[in-house]
Amino acid sequence: MSFQTAYNTLVSSMVLGVIYSLVALGYVVVYRASRVFSFVQPQFMLFGAFLFTTLRHGTSVVSFLVSLLVSVVVIGALGAAVYILVVHRSLGQPHWVQMVLTMGLGIAGINIAQLIWGSEFRVVPPMLEHITWRLPGGAVVSRSDVTIVIMGVALCGALYWLLTVSPLGVRLRATAENPTLASYAGVRLGVWFSVAWAIAAAAAVVAGVSYSVQVPLDPTLVEVGLIAFPAAMIGGMDSIEGCFVGALILALIRQFSTVLWGAEASIALSFGAVLAILVFRPRGLFGAPISDRV
Amino acid sequence: MDTDTHTGRTSNRHRRRAAFSGAALTLSLLAAACGSDSGSSDATTVPAGTTATTAAAAPVTTGAAAPATTGAAAPATTAEPANKDPYKIAYMGPLSGTLAGLGTSQLKAITSLVDQTNKAGGVNGHPIELLSEDDATDPAKGITAARSLIDKGVIAIVGPPVSSISVAVLPTTTRANVSIVTVGASPDSLNPVQKTLFQVDQTSASQAVPMTGFAADLLGKKDFKAQLGPIDTPSGLAWGENVKKLAATAGYTVLGTTPIPVAPGDVTALAQKLVQGSPEVILVEMTDVPYVSMVQKLRDLGYKGPIINFQGGSSATVFNSLKDPDVYGARTYNHYDPTSTEPGEMAFVAAAKAAGTEQTAQSASLYGSVYGAGLAVLGAIATCGDTCDAGAVTDALGTLELDTKGFTFNPLKFSADSHQTMSDEVFFHWDGSKVAAGNDGKVYSGDVYTKIG
Chain B
1 MSFQTAYNTL
11 VSSMVLGVIY
21 SLVALGYVVV
31 YRASRVFSFV
41 QPQFMLFGAF
51 LFTTLRHGTS
61 VVSFLVSLLV
71 SVVVIGALGA
81 AVYILVVHRS
91 LGQPHWVQMV
101 LTMGLGIAGI
111 NIAQLIWGSE
121 FRVVPPMLEH
131 ITWRLPGGAV
141 VSRSDVTIVI
151 MGVALCGALY
161 WLLTVSPLGV
171 RLRATAENPT
181 LASYAGVRLG
191 VWFSVAWAIA
201 AAAAVVAGVS
211 YSVQVPLDPT
221 LVEVGLIAFP
231 AAMIGGMDSI
241 EGCFVGALIL
251 ALIRQFSTVL
261 WGAEASIALS
271 FGAVLAILVF
281 RPRGLFGAPI
291 SDRV
Chain C
1001 MDTDTHTGRT
1011 SNRHRRRAAF
1021 SGAALTLSLL
1031 AAACGSDSGS
1041 SDATTVPAGT
1051 TATTAAAAPV
1061 TTGAAAPATT
1071 GAAAPATTAE
1081 PANKDPYKIA
1091 YMGPLSGTLA
1101 GLGTSQLKAI
1111 TSLVDQTNKA
1121 GGVNGHPIEL
1131 LSEDDATDPA
1141 KGITAARSLI
1151 DKGVIAIVGP
1161 PVSSISVAVL
1171 PTTTRANVSI
1181 VTVGASPDSL
1191 NPVQKTLFQV
1201 DQTSASQAVP
1211 MTGFAADLLG
1221 KKDFKAQLGP
1231 IDTPSGLAWG
1241 ENVKKLAATA
1251 GYTVLGTTPI
1261 PVAPGDVTAL
1271 AQKLVQGSPE
1281 VILVEMTDVP
1291 YVSMVQKLRD
1301 LGYKGPIINF
1311 QGGSSATVFN
1321 SLKDPDVYGA
1331 RTYNHYDPTS
1341 TEPGEMAFVA
1351 AAKAAGTEQT
1361 AQSASLYGSV
1371 YGAGLAVLGA
1381 IATCGDTCDA
1391 GAVTDALGTL
1401 ELDTKGFTFN
1411 PLKFSADSHQ
1421 TMSDEVFFHW
1431 DGSKVAAGND
1441 GKVYSGDVYT
1451 KIG
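For the record, the sequence lines run as chains B and C.
In this text, residue positions in the first sequence follow this note's numbering: the first is 1, and each later residue adds one.
In this text, residue positions in the second sequence follow this note's numbering: the first is 1001, and each later residue adds one.
Since the hints were made in silico from the structure, they are not lab data.
Keep in mind it's a predicted model, so treat the numbers as computed, not measured.
Note that the Cβ used here is the ideal one computed from N, Cα and C, for glycine as well.
From chain C, some residues computed to sit far from chain B (all C-beta separations above 10 Å):
1) LYS1088
2) ASP1223
3) SER1340
4) ASP1386
5) ASP1389
6) PRO1411
For each label pair, taking beta carbons as the anchor points, the in silico distance ranges come out as:
7) GLY1356/C to VAL66/B: 28 to 38 Å
8) GLN1276/C to THR132/B: 15 to 25 Å
9) THR1098/C to LEU128/B: 26 to 36 Å
10) SER63/B to SER1278/C: 33 to 43 Å
11) GLN1276/C to TRP133/B: 20 to 30 Å
12) LYS1245/C to PRO282/B: 48 to 58 Å
13) VAL191/B to ALA1436/C: 55 to 65 Å
14) ASP1417/C to LEU10/B: 49 to 59 Å
15) SER1164/C to VAL100/B: 27 to 37 Å
16) ALA77/B to LYS1245/C: 50 to 60 Å
17) ALA265/B to LYS1434/C: 34 to 44 Å
18) LYS1434/C to GLY157/B: 38 to 48 Å
Using the sequences and the hints given, assemble the complete structure.
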């Protein structure tokens, strides 16, 4: 592999890593709050991106931002609704019940999206006119890439603050760590869990729109959401910062292995990395130690 | 397996039946396309805007001015509403899973043709009943689906579009003498000819000759340097091998081959492989969705040469989105063109409009291929007589010659030596203002029976 190719691959991995991290963040937020592996996260991505294309008219920046904002709000509300109407009703059941519920919702979600928006692909014009820059050393980066990285890093930073430092984050953490105690203290579990689901869905919308600017939008977008799941496993299912690092590692593995050995090798190696993590460090790189209280 | 899963616009159920009449069909479609009323004339038995012949029979013609004639194997129908038992045909393809978009768009295409046909009276006085089954791109499910359709009495199956599935279900359908008319047979399954397998459209593998021939014409030399991006299917990889084999005699150099998954997601890394070695042309086989992003990435990486794609990724939406004159895509039929005055193309447009699938017809490259496969099936049914069963349809397909009147670049034709048709290609691109044929519309040919190397 030439230096030029390696450099370009590194840069493209950063962009892909940011998108993965936004999806993975959703898995982590939901897991931290409610200990549920939410496999409906990719569908929030899909619905958000499709809704965005429906709302967006024209090519202006204002149209882009307004459509994105409305999509984030609507799909965020949908995330909360999914929790309240479906997942909340299985509280107290084993976690695998909730996991299977989200899988079922996910499968139904793809078909619902196809019924609403059809199966034709849609080209999503970028927020600003497509131009590219050559970085020192020769790597090429587009304005969309830069926008995605800046927006993604800012959003991840904001969510990190929101979920770990802010009063909301403290409540969410308290709720997750000891739901019984939290409810005795007057914390309304359903409200805080649904807030977590809303945040996760909102992050997925940003990821979905970001990805759709790069690749035409069609229902296969959900695969990206599933591919991002290993990022959360690598970083640690309960670690915000871990999912960011995990996403970057995953993107590096996928991009470099594709260039070196082809697309199929990249999938095998990505899940190979997850396997290794599960065997040698089940909590992920940044996850809290797994302990059972007796 | 549920047979009532398709998403046709006009009905949630798969069974479609109505009445048919040949000339009335043609005239009504032409009228619809032209926006004018028309009268009816004597009957014909083949789909709109087409002329069918069989080797043993006199021609069966349609068209506003063409008198209807039939031979012994192709009885004419009348313009009366169809009131006989329906002919059951089926579409089988991926209606769920990763390739659901491909399958549902194809189902829409065949549904539009059947609806159009039924609205005008059916075939030989029989309505056409369209069933559908989901193979989920899974060979095992495909076999189950094929068995289910055979049990329901279908006389021909359109699909499946993925070669591994069509190969898997072939023994099952062959035992029942039910023909598969597909857009996705593998070269190995077509050569030597198998009685019940028919390919309408190019295969991925058989486009080595036309694509490299077009590249040489485009570059104005035979000793060019090319990078290859075959779609990662058996047929696609065979195309890559064929292009490499041809290089020895044709004089060009293949710098490298990068297999591209059917749904690759982010293509940045793949694009980087394709620009290695400074190619003069990049030949790829990519479906519409990833092709758009691939072209964008290749341009971002500084590649300025022509990019040539196969017929599976050459929809109007691709060219209209990219607006890049150096991006080409092969077409084996005239894509959705409302301005066309060709009867076959007008019928295609009218069917899509009536079904409300204009958008799909423009954005899914293989939409029209399946419409063509449907034309072949209905053409065969038209020629096989009033009591048409699966065996008779298979026999009729084996000697079919159907003039599509401008929908395709050559007649749909099968023979004892060739079960592949619709294999002539024209390469289209964005000419600066619209999607247009490149190289003055020169037709490039090649099929699985063309000897390579």
